[in-house]
Every structure is written in C-alpha cells, then in structure tokens.
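Starting from the given sequences, assemble the full structure and let the hints guide the process.
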Amino acid sequence: MRKLLFESLFQSALTEAPPAPDDAGLAELAGRVDRAARRRLGRSLSIREVDAGSCNGCELEIHALNNAFYDLERFGLRFVASPRHADVLMVTGPVTKNMRQALERTWAATPDPKWVVAVGDCALNGGIFADSYAVTGGVSQVIPVDLHIRGCPPTPTALLKGLLALVEDASK
Amino acid sequence: MTFIASLTEKGAKVAAHRPWPRVVVDADTWRQAMLGIAAGEATLSSLWSDGEAVHMALAAEPATRLLVVSLPCPDKRFPSVAATHTPALRLERTIRDLYGLEPEGSPDPRPWLDHGRWGVRQPLGARTSDPAVGDAYAFLSAEGPPLHQIPVGPVHAGIIEPGHFRFSCNGEAVVRLEERLGYVHKGIDALMQGAPLDKAAKLAARGSGDSTVAYGIAFARAVEAALGLEPPPRAVFLRALMAELERLANHFGDIGAICNDASFSLMHAHCGILREHVLRVCDTAFGHRLMMDRAVPGGVATDLASAGAERLPTLVRTVRRRFPELIELYDSTASLQNRTATTGILEPRLARQHGAGGFIGRASGRAVDVRKAPGYAPYTALSFEVPVRQEGDVDARVWVRIDEVKQSLALIEQILDRLPAGPIRAEPASPPTGGAEGLAFAESFRGDILAWVRIAPDGRVAHCHLRDPSWFQWPLLEAAIEGNIVADFPLCNKSFNCSYSGHDI
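Chains A and B are the protein sequences, given in the same order.
Read left to right, the first sequence gives residues 1 to 172 (the working numbering).
Read left to right, the second sequence gives residues 1 to 505 (the working numbering).
For the record, the hints were derived by calculation from the structure and aren't laboratory data.
Heads up, none of these hints are tricks.
Cut-off 20 Å, straight-line C-alpha distance, at most; resulting in silico cross-link-like pairs (EDC-like, lysine to aspartate or glutamate):
| hint | chain 1 | residue 1 | chain 2 | residue 2 |
| --- | --- | --- | --- | --- |
| 1 | B | Lys-10 | B | Asp-26 |
| 2 | B | Lys-13 | B | Asp-26 |
| 3 | A | Lys-114 | A | Glu-168 |
| 4 | B | Lys-76 | B | Asp-50 |
| 5 | A | Lys-3 | B | Glu-328 |
| 6 | B | Lys-202 | B | Glu-427 |
| 7 | B | Lys-406 | B | Asp-331 |
| 8 | B | Lys-202 | A | Asp-131 |
| 9 | A | Lys-3 | B | Glu-325 |
| 10 | A | Lys-3 | B | Asp-331 |
| 11 | B | Lys-13 | B | Asp-50 |
| 12 | B | Lys-76 | B | Glu-52 |
| 13 | B | Lys-76 | B | Asp-28 |
| 14 | B | Lys-406 | B | Glu-325 |
| 15 | B | Lys-199 | A | Asp-131 |
If you want a taste of the chain B side facing chain A, the calculated C-beta under 7 Å gives, among others:
| hint | residue |
| --- | --- |
| 16 | His-115 |
| 17 | Gly-182 |
| 18 | Lys-202 |
Predicted, not measured: the structure shown is a model, and the values here were computed from it.
Just so it is clear, CB atoms sit at the ideal spot from N, CA and C, and this is done for glycine as well.
Below you can see the structure in the form of structure tokens.
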C-alpha cells in the first residue's frame, strides 16, 4: 500500500476539468421549480438513484461519476442511501409496472423541495421497451420530471453536464 | 451410448434447427430427460416456451454436445421439471406466468415475474385482463422465538438494480435468504415477437447492459446459425476483442466494488481508474464506451478505429504495470482477507447441480467456459486457460476474476496480432420457407448466455429466448449466504454480482 501511495505523490491528478453545463438542460429547467427554494439548497445537492427497470447500462455510467476522473463530489453533488436524505431523485429505466409503486413511494419519501432527473433514453419515453405490456413508458408517466438526460446510456460527461445545469440553475 | 445420444434417438428431429439437434418428444421421453438431469447425466442449460410447446436445452458435462428436447403442450400443461430438479423452478414459474402453461407437480405454485401489476395475466398466452392491484406474496417461513425477518428492497441503498431480499435471522446469522425478483421485467420475449432482426438485436443487447457485447454476440450467433450465415473472419475477431474488453472492464469494476464492501476503498478507487481506462479505449476503438449494438447478426456494425487500434497495446501495458500492485495489495491486506476468505462458501455439489457458469462456477471447482466447450470462433484458434478454484468463497471468486484478467489481456494481444483484414459484415440471407431456428452461446464476464431464436419466413423474429447466466446463479446466492452474518451479505452479493435485468428480462 505504501508503494501505491508513494507513487501517487509523483503522478499528476486524474481528475479532469468539468464540462460546460448542458444548454438544453438549462432550458428544460428554466422556471420549472421555485427559484427561492433552490437558493436555499445552494450548490450542494444529495442524489438518490432509483433503477426503475434499466438494463443496468445507465447504472454503470452513473457509477463512473464517482471515479477519480469525474469526481462528482467536487461539485457538491453526492449519492446518498436514503430518499429521506435526498434533494434529487435520479431515475433510470422505462419504469416497469413492477417498479411503479416502489418509485412512487421513493418519491413520496423524498422531502420537498426536490427534483427528478430522468436518465437514459428509456427513462424519457420507454425507449425500445415503450410498447411492452410490462412498462409504463417513461418516468414522467409516474412522477414529475425536471430534467431529462438522454443517451443509451448517457456518458459520464453527458450526466455531468446535465447535473451541472441543475446546480447552476439552482444557484441562480 | 451417452444419455444425450439416446434421448436424441427417441424424438422426431426438427430439420430447421441448427447447429445442435432439437427433437420433439412425448411425455414419457420428457420425463426420462428430467430424471437424467436430476441424476446428473446431463446439465439443464435452459427451459423455455413459445406458447405451443416447452423446450429444454441439455448439455453434456463439459458442454461438447447439446440437445433441445421439445414437448408439445396442446392441453396447456407439462410434467414439472422442478419436481425432480430444483434449478428449473424459477424458469418454470416464468413459463406459467408468461404463457399460462401449467407445470404439473411443481413444488411451488407462486408466480415469479408476475407481481399482479401488468394489467394482464399470461401476456403471451390467454391475455386475460386484470385490475393490476398487485398480488400478495407468501415468503417461505422460518419460525421460532429467536428468529426475526429483515426485508430489503426493491430499492436498495447503493446504485444497483432493484430486487427484494427477505432475510430470516437468528441474531446476526442468516438462517434463510429468500429472493423475490422480477421488478425489472420489461417483457423482452413479447417485444421480440415479430421484430425485424435489427430491432431484435437491439433488444437483445439490452438484456443486461453490463454484458451487452456478450448478449449481442449470443443473439447474432443464434441468428447466423439459423440462417446458415457466415460472419467475415475480421468481424469474428473484433467481436472477441470487444468481449474481452467488456470482461476486463467488469472484472476491474467488481473486484474494486467487492473490496469497497469490505471497507477498503483504496482498491475501489484504483480499480475504478483501470475500468475507466478500458472504457475510454473502447469508446475510441468502437465509438461507444460499453460497445452497445456493435455485435450484430452477420458481423459487427463498427470497424476498429485506427486511433483505437493504437491505444489498445498501451492499455494492455498499463494494466500489466498497474494491476500486479493491486493484486499484491489485495493479497497482503489482512483486514480484507479476513472478510473474504471462508465467507459465502458455495459447495461444488450445488454449483454442479445448477450448472453454474462464470466465476461463480469456476470458484467452486467447475471448469466450464463456452469459449472452450462447445467452443466458438475465434477462441478455438486462440490460446487461453480457464482458471478454476476449489474453495468456493468470496476470496476464490475474486481470485478467479484476477486470473481471468490475465487471460483476457493475453487474448487481446493474440487478437490484435492476428486480426484479419477484410469486410466486417455479411448481409443476412433470407430464411428458407418454413423458417429457421438457431441456438448459440456466448461467454459473458458472468458466465454463459444462451440464445435461441426462431426466424419466420418473412425474416422477422418469430420467437426468441435469452437465458442469462444469473438464472442458475441467483438461487445459489441463497445457499451461499446461509450461516453467514447479515453484514457479510453485501460482500457475498457483490462477489456473485448476478444480473437483475438479465434474469427479469
């Protein structure tokens, strides 16, 4: 372990410069939620991730946000274990009917003010699964969505852009 | 004569099925197949339905020879395989949920994927409407004064997929774990019916996102087998290149995550860096970090970009330089070993009975890998070993994955050395009149994926069955956790890392 730690003294940082916030995301967010409420939360947001039927591709890329290259926490954003600690629900998947109630309950357990970020093409409108008997057809069919981040799955950079748009908008 | 050979002779061979035989049998022969599996004369590789019949894929051990046995079900019932062979139980409950075919003599009458939320019962069978208010679910009981239950999920504390775990505990010790899955059921079987090949390939690639390359390969190979289509040699090598990169990325991610569950975040951070290196090279090489939708029927959709080809040898060198330090750290940290060694032991007997593949089977003495047997191109021409351990604990599963990283690096080098030039895709031929059927395997990082496809005369998919390796691994987690403490469950669970999506399909 000492060797690893020693070596890291001589290596440059892996963490990369942040991308610019997503313009489309900013536009989608504009005026959706009370600005005063956002100001009270400042730039620090706690995120609870909910998989509502994804293929787990989105989860892999959301996980990547925590690695040394993207280092999400430097922006004041962190993942939390309970919806009761969360300001943001980050939801993936087409919302399967078997997950609908669990998603509704998670949303109900998240204190106000709260935001919902729908991640991935199937969270937008069910994507390739839209015609199935087993899915509701997107997060906005079940709970109100403040921001969509598209992609199958979205890259960590795309996720970061969307989340930065949320933070920028919240701190205006 | 082997058991599988004798069964083959007792049925009527279906001409359209390739490359291994499929035979239509009567109920007596079906029962003989059941009893043979229960006695260990063959391994159950999958059990599925198309609404008209039930199909059972049997493999010799090792899987050099395969057979599909089909029993027509005109009166909507079939003799329960699970009555004599429990690994078939969840597959059978799924057939009942989706198609309404009744497994006669089944030891478990409860639904599995159907939670009473779809608004329709038997969505691929009678399609009766339903108020969708949700069914009560009777968990198996473990009763007595000191026992208590801990319900967990479907929404879990981490960034992971949803499922419900019901623990019955005596103090800290787990007496019984029962899983309830199906939360991410997306109805892929139904969406496949009537889908054109390109859409069907996309659906297959989203069976389980972490194994998207392997799913793509399994589906493509099943279609190619059915249509007698030969993918160009360059495409076959590029598929293997993507598959090994996918294996590396997942192994790094999971080795780190297992250590993280033992509160050793340094390993997690360093493994996360290696994983990110791999994904970035994948993006440069194939235009997508997870290489989704790249392996398609007929070949591959994207050729290896020259910038990616240049970065691949550097990636191999980087991993060879950095990874041994991490292995040493894992091996020499007593607090980590204290958590992983002798934790979550899976008995070899159970791994064998369930036909468990991947690092779960291999860490419990089962030397199986569909890249070796039945084997497929280009692996048959490449040199690699299948690492096996006997201990069956979390530590053994980590070591199998560490050893597999080394094998994958060697495979990537061989593939780059021998990568043929030429086209990357053959156009799918039109199917013969009367349609065609194909069966294929692909070795994902998690184990063998089985894909079975029936192609209609119009070239669309009539039926497709994708069997994730998790089907036979999830039940083993219930067995491995028994007697361990609750606090070790995340560690055991991560060391299995079964797919919810691949299972719930």
